[in-house]
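Protein chains in written order, with my numbering: chain H, 282 to 622; chain R, 31 to 199; chain G, 13 to 114.
The hints are simulated quantities; they were obtained by calculation from the structure and are not laboratory data.
What you were told as hints is all true, and nothing was included just to trick you.
List of simulated lysine-lysine pairs, DSS-like, C-alpha gap at most 30 Å:
hint: 1; chain 1: H; residue 1: K345; chain 2: H; residue 2: K313
hint: 2; chain 1: H; residue 1: K330; chain 2: H; residue 2: K341
hint: 3; chain 1: H; residue 1: K313; chain 2: H; residue 2: K341
hint: 4; chain 1: R; residue 1: K196; chain 2: H; residue 2: K600
hint: 5; chain 1: G; residue 1: K113; chain 2: R; residue 2: K196
hint: 6; chain 1: H; residue 1: K330; chain 2: H; residue 2: K313
So these bits of chain R aren't anywhere near chain H, every CB distance computed over 12 Å:
hint: 7; residue: I34
hint: 8; residue: V38
hint: 9; residue: V40
hint: 10; residue: R124
hint: 11; residue: L137
hint: 12; residue: A140
hint: 13; residue: T173
hint: 14; residue: S186
hint: 15; residue: G189
Glycine is no exception: its CB is placed at the ideal position from the N, C-alpha and C atoms.
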Amino acid sequence: MSAELIAQLVVIGFTFFMLLNSAAILVYMERKVAAFVQQRYGPYLVGPKGLLQPLADIVKLMFKEELRPTAADSFLFYLAPILSATAAFAAFSVVPFGADTTLFGLLKEPIHLAAADVNVGLLVIFAITSMGVYGIVLAGWSSNSKYSLLGGLRSSAQMISYELSYGLSFAAVILLAGSLSLRTIVDQQAGYWFHVIPKWFIVIQPLGFFIFLVAGVAETNRAPFDFPEAEQELVAGYHTEYSSMSFALFFLAEYVNMVTVSAVATNLFLGGWHGPFLPEWLGWIWFLAKVGFLLFFYIWMRWTLPRYRYDQLMEFGWKWLLPASVVNLLVTAGVVVYMGW
Amino acid sequence: MFWIFAAVTVIASLLVIGQRNPMYSVLLLIVSFGALSGLYVLLDAPFIAAIQIIIYAGAIMVLFLFVVMLLNVPTEDPPTGYHARLLGGAGPRRFGAVLSAVLIGQLAWAFYYGLRPSPLPHAAGQHATTVFEIGMKLYKDYTFAFEATSVLILVSMVGAIVLARKESR
Amino acid sequence: MPEPTLNSYLVLSAVLFAIGTAGVFLRRNLITILLSIEIMLNAVNLTFVAVDRFLGTVDGQIIVFFVMTVAAAEAAVGLAIIIALFRHRETLNPDAFTALKW
Numbered sequence: 282m283s284a285e286l287i288a289q290l291v292v293i294g295f296t297f298f299m300l301l302n303s304a305a306i307l308v309y310m311e312r313k314v315a316a317f318v319q320q321r322y323g324p325y326l327v328g329p330k331g332l333l334q335p336l337a338d339i340v341k342l343m344f345k346e347e348l349r350p351t352a353a354d355s356f357l358f359y360l361a362p363i364l365s366a367t368a369a370f371a372a373f374s375v376v377p378f379g380a381d382t383t384l385f386g387l388l389k390e391p392i393h394l395a396a397a398d399v400n401v402g403l404l405v406i407f408a409i410t411s412m413g414v415y416g417i418v419l420a421g422w423s424s425n426s427k428y429s430l431l432g433g434l435r436s437s438a439q440m441i442s443y444e445l446s447y448g449l450s451f452a453a454v455i456l457l458a459g460s461l462s463l464r465t466i467v468d469q470q471a472g473y474w475f476h477v478i479p480k481w482f483i484v485i486q487p488l489g490f491f492i493f494l495v496a497g498v499a500e501t502n503r504a505p506f507d508f509p510e511a512e513q514e515l516v517a518g519y520h521t522e523y524s525s526m527s528f529a530l531f532f533l534a535e536y537v538n539m540v541t542v543s544a545v546a547t548n549l550f551l552g553g554w555h556g557p558f559l560p561e562w563l564g565w566i567w568f569l570a571k572v573g574f575l576l577f578f579y580i581w582m583r584w585t586l587p588r589y590r591y592d593q594l595m596e597f598g599w600k601w602l603l604p605a606s607v608v609n610l611l612v613t614a615g616v617v618v619y620m621g622w
Numbered sequence: 031m032f033w034i035f036a037a038v039t040v041i042a043s044l045l046v047i048g049q050r051n052p053m054y055s056v057l058l059l060i061v062s063f064g065a066l067s068g069l070y071v072l073l074d075a076p077f078i079a080a081i082q083i084i085i086y087a088g089a090i091m092v093l094f095l096f097v098v099m100l101l102n103v104p105t106e107d108p109p110t111g112y113h114a115r116l117l118g119g120a121g122p123r124r125f126g127a128v129l130s131a132v133l134i135g136q137l138a139w140a141f142y143y144g145l146r147p148s149p150l151p152h153a154a155g156q157h158a159t160t161v162f163e164i165g166m167k168l169y170k171d172y173t174f175a176f177e178a179t180s181v182l183i184l185v186s187m188v189g190a191i192v193l194a195r196k197e198s199r
Numbered sequence: 013m014p015e016p017t018l019n020s021y022l023v024l025s026a027v028l029f030a031i032g033t034a035g036v037f038l039r040r041n042l043i044t045i046l047l048s049i050e051i052m053l054n055a056v057n058l059t060f061v062a063v064d065r066f067l068g069t070v071d072g073q074i075i076v077f078f079v080m081t082v083a084a085a086e087a088a089v090g091l092a093i094i095i096a097l098f099r100h101r102e103t104l105n106p107d108a109f110t111a112l113k114w
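Isolated chain H (complex conformation):
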């Protein structure tokens, strides 16, 4: 058991633990931000300023009764939330969140600050996101109820439609960076132009960033694209029949997916862990700040924008976002070829 192996295991465990915590923090943040948007107080009774509210939520969910409709296919019924949660966590495993560090000189060689570092990291994220569709489809099917089935089908159709724009928008980033590994893409964004403007890809790819974020919001089934979960239309869509821990797993999966999309967007477009005023090894603070800003933006969008109707949603995805991402890719390719970047 060399020191590197132990350090790597610690990093993996730490990443997992922080993802779980981030889901809890997001629950709190969502309710507080929603409250401020709606001009009321959020949770303020449990703990100082309501900070222990997520704990209360989790305890409540754990003690609820676990229900299952009799006609539901029990194996698939329990498999679906597990699939969703697993895909959500696995997708974050290849996202780097800091520069190589030697952990204050404890190690002889620097280790990567990510659970795993693969050459084709971006493709792995895309692949695991595609697998996340299955949790929702199976949830809809195995509940054996028409609301769930419709919600599941709509949700998965929406997710696979927006996967195309998602993929094409980061194909443009791959063109600019010349590599599929997220770490290399972030390292390409170090430095400044004219000592003032940071070399982040959002500066040269604003349309790509917009498309990526919109497609990411649609992928995670959040407003304004959350028709499949629409409380007013479909009871609760694909997770109508779930209660207690299975429901908690679905929500965990949704929040972790949000975190993953924000983290990938940060790495691809916002320069990852590079930022002014801090030494390189404290870069993860910048990373957290940027991811936090994107998450805040997510929640803000949910409580500000009205929900898209399903056909409007699909039309937007196929007729507007997909051609826009193709044009973005073509223009980027043209510029890269002609200016020799």
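Chain H is fixed; fit chains R and G onto it per the hints.
Below, chains R and G without anything else, positioned relative to chain H:
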């Protein structure tokens, strides 16, 4: 490692053709594809492994799942009557079973007589195939095939939409 | 456990191909038949990639790329045909479609 993935693939494929419920068949096939993707990683082809998951397990199988769910495909009845026994009664089943047996026999014969010891060369000089190499080959030597494939996809898209359309009265 | 050689990959892909063929011949459900065809195509992909690794070239992986694309296109059209057939006859048993028999 190889043996684990190989065993999972073979068992999952056997279960795919043995299951009555088509929903379980599709899910087991996804498991089989995942194991195959692992085999591709072992063969130093990470790009193919990733696109196996993205295309096969992520897109094609979703398509199959949609069709199974929307058509509410009935669970296949156990074969009755003269279809019941594989070799009993003339008919397509007996023919099919005989043909499969012939294929397996031929493959076994070929392997028994034809295999020579051929170890996979070890990692000296071998590296995981990078996307760069695949891209260079794909766009330079196989340009025509690439363009033809895009036309093929377009044609199949149009065809699928036309075939599955409801008759508008 | 012995080290896997090229032969083990080839045998594995032959076994998969045989399973796929058996599935096509022995199943009475159109969707399962299509799934067995996909198994066969995957077995072929495995052969390509294994021999590629043995020879040290990249061409096999390009061919695999094309095979996957063609399989996707064929699965889409096949499923569209199945939908059309199901609307017509309400069953997915291939024995029910006997209109072209002499």
